[in-house]
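Each chain, written out:
There are 2 protein chains.
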Amino acid sequence: MSKYWSPLAASLVPYVPGEQPKNKKFIKLNTNENPYPPSPKALEAIREAANGDLRLYPDPTCDALIRKIADYYGVRPEQVFVGNGSDEVLAFSFAAFFNPAEPILFPDVTYSFYKVYAEFFGLKAELIPLNERFEVPFEQFERQNGGIVLPNPNAPTAILAPLDAFRGLLARNPDHVVLIDEAYIDFGGESAVKLVHEYPNALVVQTLSKSRSLAGMRVGFAVGSEELIEGLNRVKNSFNSYTLDRPALAAAIASFEDEAYFRQTVERVMLTREAVTDKLRQMGFHAADSGANFVFITHPKVAAKKLLDSLREQGILVRYFNQPRISNHLRVTIGTDEEMDAFIAALQTILAAEGC
Amino acid sequence: MSKYWSPLAASLVPYVPGEQPKNKKFIKLNTNENPYPPSPKALEAIREAANGDLRLYPDPTCDALIRKIADYYGVRPEQVFVGNGSDEVLAFSFAAFFNPAEPILFPDVTYSFYKVYAEFFGLKAELIPLNERFEVPFEQFERQNGGIVLPNPNAPTAILAPLDAFRGLLARNPDHVVLIDEAYIDFGGESAVKLVHEYPNALVVQTLSKSRSLAGMRVGFAVGSEELIEGLNRVKNSFNSYTLDRPALAAAIASFEDEAYFRQTVERVMLTREAVTDKLRQMGFHAADSGANFVFITHPKVAAKKLLDSLREQGILVRYFNQPRISNHLRVTIGTDEEMDAFIAALQTILAAEGC
Numbered sequence: 001m002s003k004y005w006s007p008l009a010a011s012l013v014p015y016v017p018g019e020q021p022k023n024k025k026f027i028k029l030n031t032n033e034n035p036y037p038p039s040p041k042a043l044e045a046i047r048e049a050a051n052g053d054l055r056l057y058p059d060p061t062c063d064a065l066i067r068k069i070a071d072y073y074g075v076r077p078e079q080v081f082v083g084n085g086s087d088e089v090l091a092f093s094f095a096a097f098f099n100p101a102e103p104i105l106f107p108d109v110t111y112s113f114y115k116v117y118a119e120f121f122g123l124k125a126e127l128i129p130l131n132e133r134f135e136v137p138f139e140q141f142e143r144q145n146g147g148i149v150l151p152n153p154n155a156p157t158a159i160l161a162p163l164d165a166f167r168g169l170l171a172r173n174p175d176h177v178v179l180i181d182e183a184y185i186d187f188g189g190e191s192a193v194k195l196v197h198e199y200p201n202a203l204v205v206q207t208l209s210k211s212r213s214l215a216g217m218r219v220g221f222a223v224g225s226e227e228l229i230e231g232l233n234r235v236k237n238s239f240n241s242y243t244l245d246r247p248a249l250a251a252a253i254a255s256f257e258d259e260a261y262f263r264q265t266v267e268r269v270m271l272t273r274e275a276v277t278d279k280l281r282q283m284g285f286h287a288a289d290s291g292a293n294f295v296f297i298t299h300p301k302v303a304a305k306k307l308l309d310s311l312r313e314q315g316i317l318v319r320y321f322n323q324p325r326i327s328n329h330l331r332v333t334i335g336t337d338e339e340m341d342a343f344i345a346a347l348q349t350i351l352a353a354e355g356c
Numbered sequence: 001m002s003k004y005w006s007p008l009a010a011s012l013v014p015y016v017p018g019e020q021p022k023n024k025k026f027i028k029l030n031t032n033e034n035p036y037p038p039s040p041k042a043l044e045a046i047r048e049a050a051n052g053d054l055r056l057y058p059d060p061t062c063d064a065l066i067r068k069i070a071d072y073y074g075v076r077p078e079q080v081f082v083g084n085g086s087d088e089v090l091a092f093s094f095a096a097f098f099n100p101a102e103p104i105l106f107p108d109v110t111y112s113f114y115k116v117y118a119e120f121f122g123l124k125a126e127l128i129p130l131n132e133r134f135e136v137p138f139e140q141f142e143r144q145n146g147g148i149v150l151p152n153p154n155a156p157t158a159i160l161a162p163l164d165a166f167r168g169l170l171a172r173n174p175d176h177v178v179l180i181d182e183a184y185i186d187f188g189g190e191s192a193v194k195l196v197h198e199y200p201n202a203l204v205v206q207t208l209s210k211s212r213s214l215a216g217m218r219v220g221f222a223v224g225s226e227e228l229i230e231g232l233n234r235v236k237n238s239f240n241s242y243t244l245d246r247p248a249l250a251a252a253i254a255s256f257e258d259e260a261y262f263r264q265t266v267e268r269v270m271l272t273r274e275a276v277t278d279k280l281r282q283m284g285f286h287a288a289d290s291g292a293n294f295v296f297i298t299h300p301k302v303a304a305k306k307l308l309d310s311l312r313e314q315g316i317l318v319r320y321f322n323q324p325r326i327s328n329h330l331r332v333t334i335g336t337d338e339e340m341d342a343f344i345a346a347l348q349t350i351l352a353a354e355g356c
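These protein sequence lines map, in sequence, to chains C and V. Mind the numbering: the first sequence is residues 1 to 356 in UniProt numbering, read in order. Mind the numbering: the second sequence is residues 1 to 356 in UniProt numbering, read in order.
These are calculated hints, taken from the structure and not from any lab test. Remember, it's a predicted structure, so these values are computed and weren't measured experimentally. Treat each hint with caution, since some may be false.
To be verified - In silico SDA-like pairs for lysine to any residue, Cα to Cα no more than 20 Å straight-line: (1) Lys3/V / Leu195/C; (2) Lys22/C / Pro77/V; (3) Lys115/C / Lys124/V; (4) Lys305/C / Ala353/C; (5) Lys3/C / His176/V; (6) Lys124/V / Gly52/C; (7) Lys305/V / Phe26/V; (8) Lys22/V / Asp63/C; (9) Lys3/V / Pro7/C; (10) Lys301/V / Phe262/V; (11) Lys306/C / Ile350/C; (12) Lys41/V / Asp63/C; (13) Lys305/V / Phe285/V; (14) Lys3/V / Ile350/C; (15) Lys194/V / Asp164/V; (16) Lys25/V / Thr336/V.
What the hints assert, rightly or not - Just the calculated beta-carbon pair ranges, DEER-fashion: (17) Ala125/V / Pro162/C: 47 to 55 Å; (18) Arg325/C / Lys3/V: 44 to 52 Å; (19) Asp53/V / Ala260/C: 21 to 29 Å.
We put the beta carbon where it would ideally sit given N, CA and C, even for glycine.
The shape of chain C in the complex, shown without the other chains (with noise of 0.2 Å):
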């Protein structure tokens, strides 16, 4: 605590991220990173993009990548905002279309920066609980609200909701925005852009840095109805008017002309998911059918920070969640192929030294 910090500052208990361990000796399942590399298009484009061409600002409209989104999606450009990464697009929606009057709803086990985003702007937020298949009472969010934020699928969960849920809950929703955050939603599941044309209280929030590996690049968008998209263009502009850089402006639209590579490398982190989702079950885990580029497991007999730490011990990291109704289960990334059958092994000795 400082006497220089303002209330806000002093007040806020921020996100902390999964561990960016400095040196390569581990098998990062910790963070939800794709196993395989960016498109050879991305990284030719990042190359194209380090020339003298630097020293000049950035488009702060980022006008190529909103028209090539746009194209991609079947919507108009003024119907796509980008930003710094999804986070960065998650806190300008909160900041535009949520307020400290009326209670926003998410679930209790979500994202966990969405509590933060709630607290850093003053907004009031109400914890809906999941049932007990961690699956999204949608019923449960027909009540007052100033908003819902949902992922779809949730995390940690991976567990994927069908299209029509969200539609109920857009159409009983008229005043007040309902933020979709489909970060995972290329790895199987059916996303929420289409129903943008019929809600204008629509908005869903994707990121490259998932199904398409750009993590490292910062890439993250919106696509709802031209007056959201409006909303957040005055927040960004009231915050930072270049949040994208020139290689990273540059990288995103290659790669969303790299259809083949995107569908690829999608298909098998899928197949890589499908059967180490078998092998779990067949070790003891539950692990629910994941819409996800992780799996969300636990052992009926082995504590989760027990195979955590364990785990890591055998240079595998994990994700573990200190949290409410969730402290007894791992988030695993789905890496390669070698990369799951290193962690299955390393699984197997955990479970035969607990005598499973």
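Fit chain V to the supplied structure of chain C, relying on the hints for placement.
Below, chain V without anything else, positioned relative to chain C:
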């Protein structure tokens, strides 16, 4: 206006950045970009960063860059914060150190984003008028305040204040942060970074966009006491954990490693600035001595708006602010000698047509 906007979003008056033309036909003297490319080492670092590791998040703590900046300025790594351009660092600073209960002070004529940040974070701003020579009246800042924001050199006036004036201000405001925005300090000024050893309330903000020719990469930083840097990190980690992408981190590190190139380009800009200032004065313009990479000029007979429009017709962009006190001034970035020759020639044509 949309019913989905928060009261905050509805109330904002966003910042308007200088024009970034989509084609290259213009001589761009409107956004204070460096006319010389970034260090070749920075470009090479970006190319090297364009590899498969981009699938991984960047280091959220930006350790390597922070250590490089700390070494460069002779401070501890705990005294350095980096962000996505100095605009983001400034925005985080307004959130971290100022509070709605007390007015923050900054000049009436200064970087127009300060007022926007104040509104965004619900802060009261008290504008202190520059004196009639557009100098910062330091004695006028000796009043009750919740923090002070002062650029040095000031923008768009280009006028540099002596470091001793900041010493006095820091000493007389021990309970509040004095933020010194040194976006342009490398063009001949003496940095206040050395003051952070004496004054725990000094926060010095700089950018790599101007003197290091990296506007296209979005890197800024702050140097201050450990408690101030911790405050910034609290805010950052409540907003966006990964603000700098991997190529930006690599480019910034490489830039600080190429001191010779940095010195050379800065000196070229300063030499051109002195020559241009002389020529402008010979043509009847008033131009205060500039400590930045731009000059701030006014002509006794031809209106600034007229000059702006006529220059644009001749393919030259400069910056005009339709604001009280400075609506008859132009801010003109220092380009290459060739660009400035074209600028001077265009002005001569315009003045001749006006009978001057």
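Hints versus structure:
1. Lys3/V / Leu195/C: It holds: about 19 Å lies between the C-alpha atoms, which stays within 20 Å.
2. Lys22/C / Pro77/V: holds (17 Å)
3. Lys115/C / Lys124/V: violated (27 Å)
4. Lys305/C / Ala353/C: Roughly 15 Å separates the two Cα atoms, so the pair holds.
5. Lys3/C / His176/V: Status holds; Cα separation ~8 Å.
6. Lys124/V / Gly52/C: violated (41 Å)
7. Lys305/V / Phe26/V: With a Cα-Cα distance of about 18 Å, the restraint between Lys305/V and Phe26/V holds, given a limit of 20 Å.
8. Lys22/V / Asp63/C: holds (10 Å)
9. Lys3/V / Pro7/C: Violated, at roughly 30 Å.
10. Lys301/V / Phe262/V: violated (39 Å)
11. Lys306/C / Ile350/C: holds (9 Å)
12. Lys41/V / Asp63/C: violated (29 Å)
13. Lys305/V / Phe285/V: holds (14 Å)
14. Lys3/V / Ile350/C: violated (55 Å)
15. Lys194/V / Asp164/V: Since the Cα atoms of Lys194/V and Asp164/V sit roughly 12 Å apart, the hinted pair holds (cutoff 20 Å).
16. Lys25/V / Thr336/V: Judged against 20 Å, a Cα distance of about 16 Å means the pair holds.
17. Ala125/V / Pro162/C: 47 to 55 Å: Given about 49 Å between the Cβ atoms, the range holds.
18. Arg325/C / Lys3/V: 44 to 52 Å: With Cβ atoms ~35 Å apart, the hint is violated.
19. Asp53/V / Ala260/C: 21 to 29 Å: holds (22 Å)
Checked against the numbered hints above, the structure breaks hints 3, 6, 9, 10, 12, 14, 18 and satisfies the rest.
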